[in-house]
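> Chain by chain, the residues run as shown.
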Amino acid sequence: MRKFLAVVKHEYKKIVYKWTFLLGTLLFPLIGACFAVIPAIIFSIKGEPTRIVIVDQGNKISSRVRENLSVDKIAAKAEQAAKDAIKDLNASQNERVKQSSKQMAEGFIFVNYDAAGKSPEQIRTELTAKAVADEIDAYLLVPGNIDAADAKFEFLSRKAGDFVAGDLLKDALNDAVRSQRLADANIDEKIVSSLGKRVNIDTKSIDETGREKNSDMLLAASFVIGLMIYITLAIYGQVIMGAVVEEKETRIAEILFSSARPFTLMLGKLVGVGLAGLTQMSIWIASVVALVAFLSMQADMSQMFAGLPHLTPLMIGYFLLFFLLGYFIYASFYALVGSMVTTVQEGGQFSLPVTMILLVGFYFCFAVIRDPNSNLSFWVSIAPFLAPLAMPVRIIAETPPFWQIALSVALNLLAIAGLVWLASRVYRVGMLMYGKRATIPEVLKWIRQA
Amino acid sequence: MGNSEATLRVDNVTKRFGDFTAVEGLSFDVRAGRVFGFLGPNGAGKTTTIRMIVGITAPDEGKIELFGERMSPKMQDRIGYLPEERGLYKKMKIVDQLRYFAALKDVPQSVADKRIDKWLERMNLAEWKNKKTTDLSKGMQQKIQFISTVLHDPDLLILDEPFSGLDPVNVEFMIDVMSEFKSQDKTIIFSTHLMETAERLCNDILLINKSKKVISGSLREVKASYGKNLIALRAVGGEAMLGDRSLVAKATEHSDEIEIELAENADPQALLKKLIESGANISKFEKVEPSLNDIFIDQIGGVK
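Note that the protein sequences, when read in sequence, are chains A and B. Here this note's numbering is used: the first residue of the first sequence is 605, the next is one more, and so on. Here this note's numbering is used: the first residue of the second sequence is 51, the next is one more, and so on.
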């Protein structure tokens, strides 16, 4: 047992204490963070408030614009938009939405300007001069008759690039003009808004317990999970094969075999490398969870993430379990190939069939995502070799009854037992055969003899 | 541990690979405190035999006893095995590799660390402790491999071609270390192609060829049993004596000396006495022993 632990420790350290592991492990969350967190942080930085002059020749619009640009109005509007997008805003998200709306609304300072008796040309020149002198940032000219054919609204700003402020102003202006027109036509604004309300189509699936589920982000999430398992299994399989070939190539195997039993050595290697994989997976999952948590606190991003399937700790547990099952299946396969060949390059060619099975398993994920409850999905998600990829995807898409998960685990454990047994037989003979690659009949003979 | 106690007993061991018999009916004893030379041409079955002794493979027939018990995996911790084809992890620090090899022999790390420092110091490799294998010369790697073989202070040391790749200074150094082990009453099994070295170091030898034992015994016995009673003589005068058939079976003249094959049961002393009495001026009178090399070539060549 002590020897087994020594092998586990050795293999684990060999991978984890390498800078490439550190890089790979940290790079993934780091890139994720760069794409998600940094823009959120940058956009949340408050710009300087825009000092604005509104010149309203008809004197009908400006008060409405001002009102629309008030903190309460903007906040209420943003809140409504968020509520439309997300069905169930929780309390903290609600608070966040309000806060960030307020931030946006605090972006305007209204500067008074007396336009009485001045010609439009004169007003334009004077305000432009003020802008140049850095007394104001922008001005809005509202024509006297907003419904005239040649009515032209003019918005001039030194900060033309500030699209947040620009959009807010445009919205406020449009709303103000619309309200004015409705008022002029004697139509109640409330009636119009209730008539014009859009129909919301909310795509949801119903699982067997009758619970409703949002399927919008489901596809993406399942796909990412499948891809993650596929990549990790392929990478760690190659790592195992490389380690086996190295010990064979450098003839270390002979020393190892004179110190511990081949089975102990192989199992120790599988477990050690597996723990390294699990370490990496855990760091990744933790960073994804942290990232999602952070982003859903950002008001403007929360709409996006509210559609994500809700990840329960049980799901993460299943996910890691199936990752481990898959790892042991493919790693023992790769170990078997590694002890047959003489170089890593040769191993690459010989492991092609294994890689193909892995790829097929990955492709089946798409079928599972499209119809998690079909017969195909059932068989794929319990079949050894395929289940480690298909079952986690299926669990997220549509958690199957427990007996199916249990059956899948049991079948794959059986497959692992068989494969480890097979691999250890090939390993103990193959590792001491130098010089040439073993042929399939030879390998079969080893398995029978050992 | 007395010298009569056998550290290792190989009893009628046979190993087959399919139709090929690698070792057939092999028996021998190795005693404590002695250097045992395990000799034979390539493909004779040496490596297969050693692999069975260290427990990498099991014999098909016969049994192997170590320290008075039947070979089992736990005995592996008492054996230090330096294989002929050996290696180190390329990209790992020397100290980490040595720790790992020690751990596989069940040595606690604190003990291993002390021994690693001691041996590295002794091998003049202390400053390479944290270097990687690829930074070391072949000779240095060889020494590291030797250290890995002795870190668990084994009672039986099996060295397969331990000197290949070493310069003469390091060969002498290794021989010193080996004699030290010998003086601690540990047992060394030593396999080599260099007959001169074997002759110098071994107390006992075993020569195998084509899966079977050819000769075994102490070096002295083997040589004595191989002696053809040859005398090398360089002398002026006394030629008449060489015609004495009761003493000399055959005399062959070489350029500057005469090779004399003594008659059966003839006493070399009697011949020497007669030569002196006959007034011969003798500059050389030497009983010629066959070298291990001669025996090797004679045996292996003869069997062919």
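Quick caveat, the hints were computed from the structure, so don't treat them as lab data. It is possible that part of the hints are untrue.
[As the list claims (entries may be wrong)] Using 27 Å as the maximum straight-line C-alpha spacing, the simulated BS3-like pairs for lysine-lysine come out as follows: (1) Lys774(A) <-> Lys681(A); (2) Lys1049(A) <-> Lys140(B); (3) Lys260(B) <-> Lys617(A); (4) Lys613(A) <-> Lys168(B).
[Claimed, not checked] Simulated DEER-style distance windows between Cβ atoms: (5) Gly952(A) <-> Tyr276(B): 54 to 60 Å; (6) Ser341(B) <-> Tyr1038(A): 29 to 35 Å; (7) Lys140(B) <-> Leu626(A): 16 to 22 Å; (8) Val948(A) <-> Ile225(B): 23 to 29 Å; (9) Leu627(A) <-> Asp69(B): 35 to 41 Å; (10) Ser275(B) <-> Gly952(A): 53 to 59 Å; (11) Gly952(A) <-> Lys168(B): 40 to 46 Å.
We put the beta carbon where it would ideally sit given N, CA and C, even for glycine.
> Evaluate each hint against the coordinates.
Status of the hints after comparison with the structure:
Our distance criterion of 27 Å between C-alpha atoms is met by Lys774(A) and Lys681(A), whose separation comes to about 14 Å. Restraint check: the Cα-Cα separation between Lys1049(A) and Lys140(B) comes to about 32 Å, which exceeds 27 Å; the hinted pair is violated. For a cut-off of 27 Å, the pair hint linking Lys260(B) to Lys617(A) is broken: about 45 Å separates their Cα positions. Our distance criterion of 27 Å between C-alpha atoms is met by Lys613(A) and Lys168(B), whose separation comes to about 24 Å.
For Gly952(A) and Tyr276(B), the Cβ-Cβ distance of about 55 Å falls inside the hinted range of 54 to 60 Å, so the restraint holds. The hinted window of 29 to 35 Å between Ser341(B) and Tyr1038(A) holds, with their beta carbons roughly 33 Å apart. Here the CB-CB span from Lys140(B) to Leu626(A) is close to 20 Å, well matched to the stated 16 to 22 Å. Between Val948(A) and Ile225(B) the Cβ separation comes to about 39 Å, which falls outside the hinted range of 23 to 29 Å.
Between Leu627(A) and Asp69(B), the C-beta spacing of about 52 Å breaks the proposed range 35 to 41 Å. At roughly 57 Å, the beta carbons of Ser275(B) and Gly952(A) sit within the given window of 53 to 59 Å. In this structure the hint that Gly952(A) and Lys168(B) lie 40 to 46 Å apart at CB holds, the actual value being about 43 Å.
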